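Enquirer: The residues making up each chain are set out below.
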Amino acid sequence: MPIESPFHARTSQLCTSMRWKDWAGYFAVCSYEPCHEQEYFAYRHAAGLMDATPLFKYTVSGADAGRLLSRVMTRDITKLRVGRVTYCCWCDDAGKIMDDGTVSRLDDDVYRVTAAEPTLHWLRLNARRYQVAIEDVTTKYGILALQGPLSRGILGHVCGRAVTDLRFFRLTQTTIDRRPVTITRTGYTGDLGYEVWCDSADALPVYDAITEAGQNYRLMPAGLDALDVARVEAGFVMNGVDYHSSNHCLIESRKSTPYELGLGWTVQLDRDPFIGQSKLREEKQRGSQWSFVGLDYDWVAFERLFARHDLPPQTPHGAWRDPLPVFDRTGRQVGQATSGAWSPTLKKNLALASVKRSHAAEGRELLIEATVEFERTRTPVTVSAPMFFDPERKRG
Amino acid sequence: MNSPVLVLGGDSNGLTAACYLAKAGRSVTLLTHGPLGGLASRHEFHPGYQSPGVLGETSGLRRSVVSDLQLEQHGLRFADNAGVLAIGPDSTIAITNSRDATTESIRGVSARDADRYREYFQFLDSVRAPLTQFLNSPPPDLVDPSFTDIRGLLMRGFQLRRLGKALMLEVLRLAPMAVYDWMDEWFENDLLKAALALPAVTESYTAPWSAGTNANLLAQQVTGGNDVVGDGLALTDALVQAARSLGVDIREQTVASIDPGRGVETTDGESISATTIVTSLDPKTVFLRLLRPELLDHGFEQRITNYRARGLRSQLLLAIDRPLKLRDETPANRLRLVSSLASVERSFDPIKYGRFSDEPSLEVYLPSADHPELAPDGHAVAAVTIHYTPYDLAGGWTERSREELTRLVIQQLGERLPDLADTIVGHELLAPPDIETRYGVTGGHVFHGEHSLDQLLVRPTPECCQYTTPFPGLVLCGGGTFPGGGLTCAPGALASRVVAK
Chain A
1 MPIESPFHAR TSQLCTSMRW KDWAGYFAVC SYEPCHEQEY FAYRHAAGLM
51 DATPLFKYTV SGADAGRLLS RVMTRDITKL RVGRVTYCCW CDDAGKIMDD
101 GTVSRLDDDV YRVTAAEPTL HWLRLNARRY QVAIEDVTTK YGILALQGPL
151 SRGILGHVCG RAVTDLRFFR LTQTTIDRRP VTITRTGYTG DLGYEVWCDS
201 ADALPVYDAI TEAGQNYRLM PAGLDALDVA RVEAGFVMNG VDYHSSNHCL
251 IESRKSTPYE LGLGWTVQLD RDPFIGQSKL REEKQRGSQW SFVGLDYDWV
301 AFERLFARHD LPPQTPHGAW RDPLPVFDRT GRQVGQATSG AWSPTLKKNL
351 ALASVKRSHA AEGRELLIEA TVEFERTRTP VTVSAPMFFD PERKRG
Chain B
1 MNSPVLVLGG DSNGLTAACY LAKAGRSVTL LTHGPLGGLA SRHEFHPGYQ
51 SPGVLGETSG LRRSVVSDLQ LEQHGLRFAD NAGVLAIGPD STIAITNSRD
101 ATTESIRGVS ARDADRYREY FQFLDSVRAP LTQFLNSPPP DLVDPSFTDI
151 RGLLMRGFQL RRLGKALMLE VLRLAPMAVY DWMDEWFEND LLKAALALPA
201 VTESYTAPWS AGTNANLLAQ QVTGGNDVVG DGLALTDALV QAARSLGVDI
251 REQTVASIDP GRGVETTDGE SISATTIVTS LDPKTVFLRL LRPELLDHGF
301 EQRITNYRAR GLRSQLLLAI DRPLKLRDET PANRLRLVSS LASVERSFDP
351 IKYGRFSDEP SLEVYLPSAD HPELAPDGHA VAAVTIHYTP YDLAGGWTER
401 SREELTRLVI QQLGERLPDL ADTIVGHELL APPDIETRYG VTGGHVFHGE
451 HSLDQLLVRP TPECCQYTTP FPGLVLCGGG TFPGGGLTCA PGALASRVVA
501 K
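Same order as they appear, the protein sequences are chains A and B.
The opening residue of the first sequence carries number 1 in the numbering used here; numbering runs sequentially from there.
The opening residue of the second sequence carries number 1 in the numbering used here; numbering runs sequentially from there.
Where hints are given, some of them may not hold.
Said to hold, decoys possible - In silico EDC-like links for lysine to aspartate or glutamate, alpha-carbon gap of 16 Å or less: (1) B:K325 / B:E403; (2) A:K279 / B:D297; (3) B:K23 / B:D249; (4) A:K79 / A:D64; (5) B:K325 / B:D422; (6) A:K279 / B:E294.
As the list claims (entries may be wrong) - Selected chain A positions facing chain B (in silico; Cβ < 8 Å): (7) R124; (8) N126; (9) R129; (10) Y130; (11) A133; (12) D270; (13) D272; (14) F274; (15) I275.
The hints are simulated quantities; they were obtained by calculation from the structure and are not laboratory data.
Computed from a predicted structure; not experimentally measured.
Each residue gets a CB set at the ideal place from its N, CA and C atoms; glycine is no exception.
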């Protein structure tokens, strides 16, 4: 049975829909209201507050902490400066991705890692010969993701300039209601946003201070359903949905590499050896078999599918994650869409997909499977970059 | 390719590889951590008394190495009639190179076993050819076999088949067996069974009832020949002379780190460039201590970590004020103090729980007849090997646990060798961690890794089972490679072929 997050006393009061799910062993809210739409619009037009505590969290400290993380991660973590955060992934010896997450450098020899899956064992296995201490701090800290264009104002209200001046992928250590917190300017919505780490014991006062300050900013508690739509718009891959960790895959073809998932920018090849380096180098030289792309449905054609049955067009209620095959014009399967959503902001029906590199050029027309009135058919989509929504304010 | 070669390790395998490569025209520099000979080298353990080393037994030395390197011209001689004296609670058996003499000695305890001993060796003779051929050839790559590997495997299979169906099936039956069962099939006398089987079980975290131990026994019996006069130390001396005469540049320097394909750093701060590095150091030392961790793939690091090298042997060095008197007619300078295979098994049991037995199995080596220089005039040295003592003793190897083990061993020696106790004037106990420190072998494992079935053919890991490593220019040539540890010189000779290619 899942456990409660340290914010549960508040979130359980607010979750009138009673829509919960198990996220990494925690109770997590799908949507506070029966429908997630308001929460989605809070993310995009005001601010949403999400309990992100279930992320796996590790503190890696000691003289060799940077060396260990550089060995495990695709990025050279020794180059990460104190006060900065980086997004990266980690691979097995064959260069196949195992998970993705962030690394924050809190001090010279102190780092914090977030992961979607349990990673303690993997870090420890690779740390045998290093002077490091690796601690699983998943339950020690609560995380609140405060995301949306007004999030800066809210946090500025409770923390002052330490936060309003905080740049993209930087962190600051400050206080909220006299409780120590670490605030990173990161998030999973593709918008301006922050993640606030506090001791689990301080969770409720920190939650209260933020929600109180948020009253003047139309802050809403937001759940995972709204987040899922936002992350599809932002083109962020999700472990277990858009790719599968290599240590769960029974067959090779199900594994992916960072290059195949559009995460090649996180791979720094020309440095000290790291796990998967030689295979990733080969792939870089050879070229990847797969590309991660966005698919934009041809709305007119999509509407026509429904019109044949005298129906109005129906888009999925929220984000979907049941894979759909993708075909070229001749009907040959060239990939699969792994998740998608109707974007209320962009007014587009979108999907994220892995397609063969030969079919990944932007603007290329492909077909995606669609089922209307129990009839399985195909409808045209246009290949685009996966990052559909990328506002200036995210980085600015 | 004729580039210079850097050999790391001055033990018998390092020296052998250095000699072969120098003979093939390569310019060879050899770095040795301590005195040449490694586990078969001297050190003073008591004022005026020197140890003969931890490894002395040379019956597995490959004759091909002796002839290739002309070791007999460098002073090596084989003893015609040397061997082991098994001393039981109430009887003794001399097992020497002379089958007739051994048979007669066995007849003293069992007429049936004396006859069976002849048949036992007739059987070993009948299967010797394909097995020695197998043990003297580079191992096949079983994980990712090339055409040559497959052809080699087929050839080995064919040679085995030529024995005839019955013998072939018998060999296939024997390898995975426990020595206890096989010895039981042949003999009735407990002392004889234990004396023959002891060397097959002691370095592998196994005991007579452990499955797969028979493979070791077979390997040792079919490759065993006459001992070298002067044992391990004499072999070391001959190899050193051969190496020097072939122009090998021998330096006493300790390696601090290896940068494969580039060279090494020594502990005295020197950088030595070398594109080809051949090392007889144990695999765990090479990959987990001398190479930066970043260089290793996770899976490879995991496999090397899992490679088992848990030292079980301690050595009690005794300085004695007069040579030990044995039965006059016995040419043996090695004694095995055992009672039965069951007693060996009992001496093994406690190590599973981090303890040593109250009645350890003992072997005594008396080197002074061949090496009077080890002790002052009229005095002698005895090296007692103690099986089994765990590397990671529960509570640690404290002064107290060392004293307890020493007391136990001396008491036990006194029961079988009553003359010995009064002659002891000094001693030193080398527990597995001491062997690790003194000789630089991980876990204090004298064979550079256990000789269990899974670690014999694919040794130490699939990536390195044919001496090459995942790192171009870095080649293994020590006991941690096929066909294993001991003073055989076989890994050194086989590995040098890989480099020569």
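Enquirer: Each hint: holds or not?
Expert: Checked hints:
1. B:K325 / B:E403: violated (26 Å)
2. A:K279 / B:D297: holds (11 Å)
3. B:K23 / B:D249: holds (13 Å)
4. A:K79 / A:D64: holds (13 Å)
5. B:K325 / B:D422: holds (13 Å)
6. A:K279 / B:E294: Status holds; Cα separation ~15 Å.
7. R124: violated (12 Å)
8. N126: With Cβ-Cβ at 6 Å, under 8 Å, it holds.
9. R129: Holds: closest Cβ of chain B sits about 4 Å from R129 of chain A, inside 8 Å.
10. Y130: holds (7 Å)
11. A133: With a closest approach of 17 Å, the A133 of chain A hint is violated.
12. D270: Cβ of D270 of chain A sits 14 Å from chain B, so the hint is violated.
13. D272: holds (5 Å)
14. F274: Holds, because the Cβ-Cβ distance from F274 of chain A to chain B comes to roughly 7 Å (cut-off 8 Å).
15. I275: This hint holds: I275 of chain A lies near chain B, its Cβ roughly 5 Å from the closest one there, short of 8 Å.
In terms of the numbered hints stated before, the structure departs from hints 1, 7, 11 and 12, listed from lowest to highest.
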